[in-house]
Amino acid sequence: MAILIDKKTRFLIQGITGKQGEQACQEMLAAGSLVVAGVTPGKGGMEVLGVPVYNTIVEAQKKQRVDCSIIFVPPKLAKVAIVEAIEAGVPLINVVTENIPVHDMAYCFSLAREKKVMIVGATSAGIYSVGKAKCGPIGSGKAKIAFTPGSIGVISRSGGMSCETSLVLSQAGLGQSTVVSIGSDILMGAAFAELVPLFEKDPETKGIVLFGEIGGSSEEDLAKYLLERRKKGKPFSKPIVAFISGRFASSLPAVSLGHAGAIIEGTKGTRDAKVNALRGAGVVIAEVHHDIGRLIKEAISK
Amino acid sequence: MKLKEFESKELFRRVDIPVSKGILIKSKDDIPPFREERLLKVQTLAGGRGKAGGVCLVRDAGEAEKFAARFLHSTFMSEQISEVLLDEKIEIKQELYLGILFDTSKRTPVFIYSESGGANIEELKQKNPEKIKLRELVYHAGLTEGDLDFLLSGSVLSQNVLKKVREVMKKAYLCFTRFDCTMMEINPLVVTTASDVVAVDAVAVLDDDAKFRWEMHFPERTHNRPVTPREAAAHLIDKDDYRGVAGKTFIDLDGDIAILTSGGGASMTLLDALVDYGGKPANFTEYSGNPPMEKVEKLTRIVLGRKGLSGLLVAGVIANFTNIAETLRGVLNVLIELKPDFPIVIRRAGPHDDEARAMLMEAKEKYGLNIHYYDEKILLTQAAKIMVELSEKYKMLNTRRADPIVKKNIRKTMVN
Chain A
1 MAILIDKKTR FLIQGITGKQ GEQACQEMLA AGSLVVAGVT PGKGGMEVLG
51 VPVYNTIVEA QKKQRVDCSI IFVPPKLAKV AIVEAIEAGV PLINVVTENI
101 PVHDMAYCFS LAREKKVMIV GATSAGIYSV GKAKCGPIGS GKAKIAFTPG
151 SIGVISRSGG MSCETSLVLS QAGLGQSTVV SIGSDILMGA AFAELVPLFE
201 KDPETKGIVL FGEIGGSSEE DLAKYLLERR KKGKPFSKPI VAFISGRFAS
251 SLPAVSLGHA GAIIEGTKGT RDAKVNALRG AGVVIAEVHH DIGRLIKEAI
301 SK
Chain B
1 MKLKEFESKE LFRRVDIPVS KGILIKSKDD IPPFREERLL KVQTLAGGRG
51 KAGGVCLVRD AGEAEKFAAR FLHSTFMSEQ ISEVLLDEKI EIKQELYLGI
101 LFDTSKRTPV FIYSESGGAN IEELKQKNPE KIKLRELVYH AGLTEGDLDF
151 LLSGSVLSQN VLKKVREVMK KAYLCFTRFD CTMMEINPLV VTTASDVVAV
201 DAVAVLDDDA KFRWEMHFPE RTHNRPVTPR EAAAHLIDKD DYRGVAGKTF
251 IDLDGDIAIL TSGGGASMTL LDALVDYGGK PANFTEYSGN PPMEKVEKLT
301 RIVLGRKGLS GLLVAGVIAN FTNIAETLRG VLNVLIELKP DFPIVIRRAG
351 PHDDEARAML MEAKEKYGLN IHYYDEKILL TQAAKIMVEL SEKYKMLNTR
401 RADPIVKKNI RKTMVN
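First to last, the sequence lines map onto chains A and B. 1 is the number of the first residue of the first sequence in my numbering; add one for each residue after it. 1 is the number of the first residue of the second sequence in my numbering; add one for each residue after it.
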C-alpha cells in the first residue's frame with residue numbers, strides 16, 4: 001500500500017517530448033511506473049522511450065484508462081494543459097512546472113474543485129511511493145539513494161527537502177511509504193490537511209513527517225483539521241512530526257502586504273504561528289531538521 | 001512586485017477607476033506654482049506612512065518644496081525615498097475600504113468591502129468584524145452580480161453613490177485579473193462632498209510569474225533598502241548566461257560565515273541550523289540548475305570578497321542533475337587564488353561527487369586549504385553544526401595569535 005500512486009497507477013505525461021518530460025519519463029519507467037501515454041499537441045503518433053504520444057488526452061483515453069497526469073508544460077502554457085486534464089476527468093494531476101502565474105492556478109483550482117479532481121503542485125518535484133512507482137523528477141539520478149521503502153509518509157513544501165527529509169529518515173533506519181512534494185506557491189494544490197487523511201487510511205503508514213515553510217496557511221489549515229477531528233471525538237490516529245523552516249528568513253527584510261493581507265491572514269504565515277498551531281493540535285515539532293528521524297521513531301514506538 | 005501609490009494609480013487609470021489628481025515629484029523643480037491646499041505624500045512600499053508622518057497638508061509651492069526636500073533622497077521608514085506625490089485635496093464625506101486578494105486556505109480570490117474605511121481598518125476587524133464584508137469568489141465564474149449584491153447589502157450609501165461604488169468594484173476586479181495582481185487595495189475609497197467616488201490611496205502587488213504578460217513595467221526592487229554593490233554584482237551573473245542560476249538571490253548580511261547554498265528549501269533550513277548553533281551568516285545566496293563553472297566562480301569571488309570572514313559553507317541537498325565536480329571546480333578556483341586560512345565546509349552529493357572529492361583533497365594537500373568535504377553521509381544541518389564549531393575554533397586561535405604575548409611566543413617557537 002501507499003497513497004496517491006502505486007504499481008497499478010496508469011500515468012500520462014503532458015509535455016513528454018520536452019527535455020524535462022523525457023528525462024522524467026525515463027526515470028519513471030526505471031522506477032517501475034506504468035507510463036501508458038504522453039501528450040504533446042501536434043506530435044501525436046510519435047513515441048518517447050516506447051511510450052506512445054498523442055495530440056490530446058481524450059485521444060489517449062480512447063486507448064486506455066489514465067489515473068494520473070504529470071504536467072511538464074512550460075509556465076505560459078501550463079493552464080491550458082491542466083484545464084485539458086481536468087476536463088478529461090483525470091482524477092489526479094501532478095503539476096511539476098514552476099513559475100505558473102497565480103491567476104492561472106486560481107482558475108485551475110476552482111475548476112478542479114467543481115470536477116472533484118485532485119491537483120498536487122504546482123512547483124512539485126513529484127510523488128514517490130518508494131519501491132512501487134513515482135511520478136515527476138523526485139528521486140532521480142543520485143538522489144535515489146536517499147529513499148528506502150518503509151512505513152513513514154512524507155509531505156514536503158520543498159522539492160529538495162523532500163529528498164533530504166527522506167535521507168534523514170533512511171539514516172535513522174526508517175523507510176518511506178509515499179513521499180509527496182506539494183510545492184510552496186502562493187496557491188497550492190493538495191496540502192497537509194488533504195493528504196494526512198490518506199496516510200491515516202494507508203495500513204502501511206505508521207507515522208507522518210512534514211516539512212513546512214513560512215508563508216501561506218497550509219500548516220495552520222492542518223492544525224485546524226486535527227483539532228476538528230479531536231472535537232468530533234475521532235482524534236487523528238497516527239503520529240505526526242513536523243519541521244518548519246524559516247526562523248532565519250523571518251529576520252530578513254520583507255515588504256508588508258497592506259491591510260488586506262492582515263484582514264484575511266491575521267497572524268497566519270509566521271513560523272511562530274505555525275509552530276504554535278501545530279503543537280496545539282498534537283504535532284511534534286523538530287527544532288533542527290536532522291532530529292525528525294529520532295522524533296518520529298520515538299513517536300511510532302509509543 | 002509591490003507597487004507604490006503612484007504606480008498603482010497608473011493601473012487604476014487604465015481600467016477607469018477614478019483616482020485623485022496628483023503630480024509626481026522627483027525633485028523640487030517638478031513642483032508647479034500653486035495656491036490652494038494640497039497633500040504631499042511620501043511614496044513608500046510599506047504601509048502606515050500617514051501615521052509615521054509621511055503625509056502633509058501644504059498650502060503653496062514653498063511649503064511643498066520644504067516638505068519634499070525633507071524626504072526626497074533620504075531614508076523614511078527604512079526606505080530610500082525617491083518620489084513624493086503632490087495630490088489634490090479631496091473633500092471627504094465618507095471613507096470606504098475595498099480590497100481583493102487570494103485566500104491561501106480556500107485557494108480562491110476574496111473580495112473585502114467596508115463602509116468604515118481608513119487607517120484603522122485592521123483594528124475594525126478586531127472590534128467590529130461585522131462592519132467588514134468578505135466574499136469568496138469562484139475564479140472561473142468571475143465577480144458576479146450576486147457577489148456585488150452580497151457585498152453591498154446593508155449599505156448606508158445613497159442610491160446614486162451606491163451605483164458608483166458598484167462600478168468601481170467591477171473595475172477593481174478587472175484590475176485584479178487583467179494586471180495579474182496578487183492583491184489590490186483602495187483605502188480609502190472616498191465618497192466626496194459632491195457625492196463622487198474617488199480612490200485616494202492605492203496598493204497593488206503584481207505577480208512576478210506573470211511578468212511575460214504585464215502591460216506595464218516598473219523599476220526593479222528587491223528590498224526596502226538600496227541594493228549593495230555586492231548584491232548588484234551577484235544579480236549580474238545570470239544576465240549573459242542562461243545556463244543554471246547563480247546569484248539571482250543575494251542578500252548581504254553582517255555575519256562572518258560566507259554562504260553558498262543550493263535550492264530554496266535547503267538554504268532556509270541550513271541557515272536556520274547555522275544560526276541555531278550560534279553562527280552568523282555573512283550573506284545569503286544560492287546557485288542551482290547545474291550552472292557552468294564560470295558562474296559559480298564569479299559568485300564565489302563575490303561571496304569571499306569581504307574582510308573578516310571566519311568560514312565558508314557550501315551546501316545543498318543531493319543533486320539530481322547538477323554536476324558536483326564542475327560546480328565545485330568554480331569554488332575551488334577562487335580558493336586557490338585567495339588561499340584563505342579559515343575553514344571551508346562543503347556538503348555536496350550528486351553526479352560526479354567522487355571526482356569532486358578527489359579534486360578537493362588534492363587541492364587541500366597542495367595549497368594547504370582548510371577544506372572539510374562531506375557527501376550525503378553527513379546531513380545538511382549537521383554540516384551547519386560542523387561549520388560553526390570550526391569557525392569558533394578558528395576565531396579563538398586568531399584572537400590568541402593577535403595577543404601580543406602569544407604572538408611573541410609563536411615568533412619564538414618559529415625562530416627556534
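Just so you know, these hints were derived from the structure itself, not from any lab. Misleading hints may appear alongside valid ones.
In silico SDA-like cross-links for lysine to any residue, where the CA-CA straight-line distance does not exceed 20 Å [what the hints assert, rightly or not]:
(1) Lys144/A - Phe321/B
(2) Lys106/B - Ala273/A
(3) Lys268/A - Val110/B
(4) Lys224/A - Arg243/B
(5) Lys125/B - Val288/A
(6) Lys76/A - Ile251/B
(7) Lys106/B - Gln61/A
(8) Lys144/A - Ala210/B
(9) Lys280/B - Glu287/A
(10) Lys79/A - Gln382/B
(11) Lys385/B - Tyr225/A
(12) Lys115/A - Arg243/B
(13) Lys76/A - Ala210/B
(14) Lys115/A - Thr108/B
(15) Lys224/A - Arg306/B
(16) Lys76/A - Asp375/B
(17) Lys76/A - Leu72/B
(18) Lys280/B - Lys224/A
(19) Lys268/A - Asp354/B
(20) Lys297/A - Gln382/B
(21) Lys106/B - Arg247/A
(22) Lys79/A - Tyr242/B
(23) Lys395/B - Arg306/B
(24) Lys2/B - Ala273/A
(25) Lys76/A - Asp208/B
(26) Lys125/B - Lys116/A
(27) Lys116/A - Ala69/B
(28) Lys79/A - Arg306/B
(29) Lys106/B - Glu287/A
(30) Lys248/B - Lys115/A
(31) Lys268/A - Gln382/B
(32) Lys144/A - Asp353/B
(33) Lys19/A - Arg243/B
(34) Lys144/A - Asp375/B
(35) Lys76/A - Tyr242/B
(36) Lys280/B - Lys268/A
(37) Lys377/B - Asp291/A
Could you tell me which of the hints above the structure violates, numbers in ascending order? Violated hints: 4, 5, 6, 7, 8, 10, 11, 12, 15, 16, 17, 18, 19, 21, 22, 24, 26, 27, 28, 29, 30, 31, 36; rest satisfied.
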